[in-house]
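Participant: Below, each chain spelled out in residue letters.
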Amino acid sequence: MLIKCPHCGTRPVEEFTFLGDADVKRPATTDPSSMDQWFDYVYLRDNPKGRFNEYVHHSGGCRAWLVITRDTQTHEVFGCVTARDWAKKQGAVR
Amino acid sequence: MLSTAHRLSPLSDAAIQGRFGAEKGQPGVTLSVRHPVSIVTVMVRKGKAKAFSATLKEACGFNAPAPCQSLSGKRAAIHWCGADQYYVVAAGMAEGTLYRELKESLAGLASCVDQSHGRVIIQIAGPKVRNVLAKGTPVDLHPLVFGPGQCAVTQMAHVGVHLAHVGTDGFELSVFRGFSESFWEWLTEQSEEFGYQIG
Amino acid sequence: MTAFRLARGGRIDRNTSLGFKFDGKGFSGHAGDTLASALIANGVHLMGRSFKYHRPRGVISAGASEPNALVELREGGRKEANTRATMIELYDGLVANSQNRWPSLDVDFGAINSLASSIFVAGFYYKTFMWPKSFWEKIYEPMIRRAAGLGAAAREPDPDKYEKAYAHCELLVIGSGPAGLMAALTAARSGGRVVLADEGSALGGSLLFENEEIGGLPGHDWAQGVIAELEGMANVTLMPRTTVFGWYDGNVFGAVERVNDHVLAPSPYEPRQRYWRIVAKKAVLAAGAEERPVAFGGNDVPGVMLASAMRHYANRHAAAAGKSVAVFTNNDSGYRTARDMKAQGGHVEVIIDSRKDAKADAAGVPVIRNGVVVNVKGGRGVSGIELADHRHIPCDALAMSGGWSPIVNLACHRGAKPRWDARIAGFVPPDVGGAFTAAGSAAGKMLLSEALSDGATHGTLKGRVPAIPKCRDEAFALTPLWWVKESTGKAFIDYQNDATAKDLPLAAREGYKDIELAKRYTTAGMATDQGKLGNVNAIAILAEATGQTIEQVGTTTFRPYYTPVSFGAFAGPFGGHHFQPVRKTPLHDWADELGAVFVETGLWMRSSWFSQEGEDWLASASREVITTRAGVGICDVSTLGKIDVQGKDAGVFLDRLYCNTFSTLAIGKARYGLMLREDGIVFDDGTTSRLADDQFLMTTTTANAARVMSHMEFCHQALWPDLDVQYVSVTEQWAQMAVAGPLARATLQKIVDGLVLNDETFPYLAAKEISVLGGIPARLFRISFSGEHAYELAVPADYGNMAARAIMQAGDSFGIVPYGVEALSIMRVEKGHVAGSELNGTTTASDLGMAKMMSAKKDYIGRMMAGREGLLDKNRQCVVGIRPVDVSDRLRSGSHLLKKGDPPSMANDQGYVTSVAWSPMLNMWLGMALLANGRERHGEIVKVFDGLRDIHMYAEICDPMHFDRENKRLHA
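So the protein lines, in turn, are chains U, S and R. Note that the numbering used here gives residue 26 to position 26 of the first sequence, counting from 1, and the numbers run on in steps of one. Heads up, the numbering used here is the position in the second sequence plus 94, with the first residue counted as 1. Heads up, the numbering used here is the position in the third sequence plus 293, with the first residue counted as 1.
Hints are computed from structural coordinates only; laboratory data are not their basis. Be aware that one or more of the hints could be misleading.
[Stated by the list, open to error] Sample of chain R residues at the chain S side, in silico, Cβ under 7 Å:
1) GLU563
2) PRO874
3) ARG876
4) HIS1004
5) PRO1070
6) ASN1226
[Stated by the list, open to error] Subject to a maximum C-alpha distance of 27 Å in a straight line, what follows is the list of computed DSSO-like cross-link-like pairs (lysine-lysine):
7) LYS962(R) - LYS941(R)
8) LYS222(S) - LYS457(R)
9) LYS222(S) - LYS88(U)
10) LYS1151(R) - LYS89(U)
11) LYS710(R) - LYS574(R)
12) LYS962(R) - LYS222(S)
13) LYS806(R) - LYS962(R)
14) LYS1151(R) - LYS140(S)
15) LYS941(R) - LYS88(U)
16) LYS144(S) - LYS1150(R)
17) LYS25(U) - LYS1150(R)
18) LYS457(R) - LYS140(S)
19) LYS1167(R) - LYS1193(R)
20) LYS88(U) - LYS142(S)
21) LYS372(R) - LYS314(R)
22) LYS941(R) - LYS649(R)
23) LYS25(U) - LYS1061(R)
24) LYS4(U) - LYS49(U)
25) LYS649(R) - LYS806(R)
26) LYS710(R) - LYS649(R)
27) LYS197(S) - LYS941(R)
28) LYS763(R) - LYS778(R)
29) LYS457(R) - LYS649(R)
30) LYS1193(R) - LYS941(R)
31) LYS1192(R) - LYS1236(R)
32) LYS635(R) - LYS457(R)
33) LYS763(R) - LYS4(U)
34) LYS142(S) - LYS89(U)
35) LYS1150(R) - LYS4(U)
36) LYS140(S) - LYS25(U)
37) LYS89(U) - LYS222(S)
38) LYS1150(R) - LYS1167(R)
39) LYS49(U) - LYS710(R)
Idealized CB from N, CA, C, for every residue including glycine.
The shape of chain U in the complex, shown without the other chains:
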């Protein structure tokens, strides 16, 4: 599998480390009533067949955390943005 790092260009998957679902968002609260949100954030993960946004780390390259959109069945990569930009976009949507 090849991933096009926004900084480094196209690199093979061996240079990357996968973390998982990028559609989870760390709760902004420490209120005790938010425990359910925290459980969801820490433990609940979707495992879809098809399109999936996931965190990958360009650990063997520029060390940027990225979010790739990938088809989990065909491994086709539709896009890749930095986690930094993803976080900004996520913040804007919510």
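Assemble the complex: chain U is given as a structure, and chains S and R must be docked to it using the hints.
Facilitator: Leaving out everything else, chains S and R in the frame of chain U:
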């Protein structure tokens, strides 16, 4: 009094001058260690990219390079090495001087960290240099794709490498010091079939 | 000249004779021969014994699909089992041995299996060896393994080198026959970066052996012209002897180049094989088509071979398969063999064509239309054939053709299934998008003109498709014939696995109707050749047996590797001491000079203990501890992760990473920190110092350094991108040494520049940038892992050995000793400091006795989940000290703890010993343990149970700090 002459390269025992590997005509590659050298990691502070680049131009004679690019001035060269991160490299400077100068001139604009001892720079050049490097890096180094002034952060033989194309047919490979001996051994073995010179 | 070497022709160098040995017997061949062609030229047809029945077998094909002629090539550490004789280029001194026979190929006792063949039908393993169950492991399996086998692996280490490499191109062409050459030429002429790979020893594909005419030239000459043009182009890389074995995501292809398999031994500077990853913008599959056998009685007798193979040997290698041959075909291409054999001066007895309406030109050879072969006479070689009408025809070789199967494998490696094409009665590649297309006969286009134009079309990267040279087409028409049911002898579908045509209807009757199940039940299509020859026959026979169409049955799954790849190629250069890179500290040479024994910690080599005459490791470590605690010791701690953290928000960032607070830390001070994972479990620990208002120096454990760095990057970039913080690893920049013991200060005083070390200028937890030895920049920290009055001194790495030697000299009069990680570990257990065994991914801050460190005033990673009910349970296992009741007992880590009097059981388990050490200070084994509700149980006597070593003993639970409980030594 301390001088950089007291610095001991981790490759001082391994990089012995001479001709090695296959004996067919000119050596396929020539290898050498750039030592002693000053290396400073410069990381741009938040929101200061423009001011940083301008100040750098004043201090060193070059702007901040674009991703995967290197620039060189009279006293130093600068290599992109990650988002908002650069290596500034210079030879012939006293211990800590480059670091102190950069820290002073870039105060408030960038965080500077001396890495002069933490990384080892290996120079490799010659007609077979791309054949040797292709045994390690997945980066396409074809001259049309990766010309002089390009650089990349990649992995070779399981070791993180900052790879920069300097001059017309030369490359600099910068690795963590602790891996340098192991990496050197691998690199010279990959060069054997073409014959190599350590100079 | 050997008996079966044709007098003229062939692309062999008759002036170069090469001597080789097969089964110990000497033979001679020529440059340009394969092992198979050289054996044929020497009249040797018997090249192996079959897997199950030990039937005599000869070569069937002339290429990669060969199922029978598998040999052990070379000897000693270079021996390679199951190597196809058809792919081995002959070299002088070659040694090969046949396999799966005992005592010899000619006399094989295993052939008795053939007499008992009724029990060896499909599924015989499952049917025969079912019971008694206890027999399987000890009797049946070893027996089967001995009887039914392939070659034996080498016992000695492989002396040769292997390499890995990457290649990049705009067009990868796989196969160098007419379509492949045309594709490569077209792309290359338009300036594209082209890689042309072919598994053969020479480029040219079918043009190396077929008689064709292209552009007014003999096909072979046309090919040589194209190859010469390609060779002269800088944008083209020609890769003969290179098998593209797999197609992967992103249009990445795996290939193995046999750099030096065709020589006696590689040069010491060159690899035997090179494993390539080829990244191709576009690729063309021009691998050609594979001729199929027909299933008829005795179709495995040595001397029966594919029609194309017979003419391949004759035309390319000038090796005649027989003196009087017959041809059995269901299609027009079989006639080419008759024509070529005749043209080479051979005798062709007859062509048996299964078609009623065969119209092909037989060039004067008698043709029996509507005929089928039902049996082949002869044991170790063909003596004649029998037809369905009982006619007997004498001959010494039989060419067979059941039609052609496009080589679709690579196109199916990513999951797409091939498509059935009734026109050619073969599967053709699926449409997998424009980045990987098939051309020529690999795409089912069986005519030469189609192959050339298809190649040109698929090789066009830009602009118009160029004109193609004129050529003469050979007829291609067939009427499928899969299995001659009237066969009187065994009709094999899969030679390598001894699967017969009858096995498939049997499998279907027994319920294995799905092709994937039938494959496993009959073993047809398994093993090293993966059924390249017989799979389509098997599918067709299963289709008939189950009343389905061939399309409905479909194929089994195609997976890499197209042909077997050696382990050496996979390992590449990363074997032996290159298995993983070695990471050395800047103090390695210093430690080495002093007799350090090194231990691998991750990739790092750390000094474990410093051996002296007559000492074992424990004696060395004990001496190092005693001397350090009595005077002064020095230890290399360079491997601890060091991260320089800067920026306006550096303090805030650290507050969010650690459960305790760093933003309040004074400049010039160090503080211990504990980092949690988001699930509330402890992740890492270490001291962090504040060097300036906006600069901190973090340390991590050696083991977690890389993980902590990735974690920080994630937290910053993905969670809090608004923070103004920068950080970089400085682990490698600094050589760091711990100097510990009551005389540590006096020792260091001798090397620091212009600084008086005392409790005012340098109190406990001070952290300052200083200089040593007349100008070496340094960082000095007053921190202690040993419990002694101790410092850590860091100097730039290139000065490390120099500084360590200077400290040794400074401490010489105090009896300074270097100590390693063993002594370090003893001292930390004596002091009850937690380390990796306690920070083991199951413990919370509270379990480690550090609940108070968790700040309630801020959010930080792990804060919320650390407050979960289960993690606050009073009965959780927490860290305690443990010491044996009988001081002569030895504690073992991993031992379980039980209440006194309880028998060992899961239900009674109370915890376990995490760390142990022999304490030279207290003269006994000490330990740390995780014990349920442990903090409330100090003073309790527990049972220590080690089921592995059968140890039962009693021990007392105590405070983890075994030694110097008042911490007086820290401030001494």
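Participant: Below or equal to 27 Å on CA atoms is what counts here, so check LYS1167(R) against LYS1193(R).
Facilitator: holds (21 Å)
Participant: Would the pair LYS941(R) and LYS649(R) pass a check requiring their Cα atoms to be no farther apart than 27 Å?
Facilitator: Given pair LYS941(R), LYS649(R) is violated - Cα atoms ~91 Å apart, limit 27 Å.
Participant: Below or equal to 27 Å on CA atoms is what counts here, so check LYS1193(R) against LYS941(R).
Facilitator: violated (56 Å)
Participant: Under the criterion that the straight-line Cα-Cα distance not exceed 27 Å, is the pair LYS197(S), LYS941(R) satisfied?
Facilitator: holds (15 Å)
Participant: Between LYS4(U) and LYS49(U), does the CA-CA distance stay at or below 27 Å?
Facilitator: holds (22 Å)
Participant: Hey, LYS806(R) versus LYS962(R), does the alpha-carbon distance stay inside 27 Å?
Facilitator: violated (76 Å)
Participant: Does the structure keep LYS962(R) and LYS941(R) at a Cα separation of 27 Å or less?
Facilitator: Holds, at roughly 18 Å.
Participant: Hint check: LYS1150(R) vs LYS1167(R), CA-CA at most 27 Å. Holds or violated?
Facilitator: holds (24 Å)
Participant: Is the Cα-Cα distance between LYS140(S) and LYS25(U) 27 Å or less?
Facilitator: Given that 27 Å is the threshold and the Cα spacing comes to 23 Å, the pair holds.
Participant: Holds or violated: LYS710(R) with LYS649(R), Cα cutoff 27 Å?
Facilitator: The hint is violated at about 33 Å.
Participant: Going by Cβ atoms only, is PRO874(R) closer than 7 Å to chain S?
Facilitator: Holds: closest Cβ of chain S sits about 4 Å from PRO874(R), inside 7 Å.
Participant: Taken at face value, is the distance from the CA of LYS88(U) to the CA of LYS941(R) at most 27 Å?
Facilitator: Given that 27 Å is the threshold and the Cα spacing comes to 20 Å, the pair holds.
Taken one by one, the earlier hints fail for this structure at numbers 4, 6, 9, 12, 13, 16, 18, 22, 23, 25, 26, 28, 29, 30, 32, 33, 35, 37, listed in ascending order.
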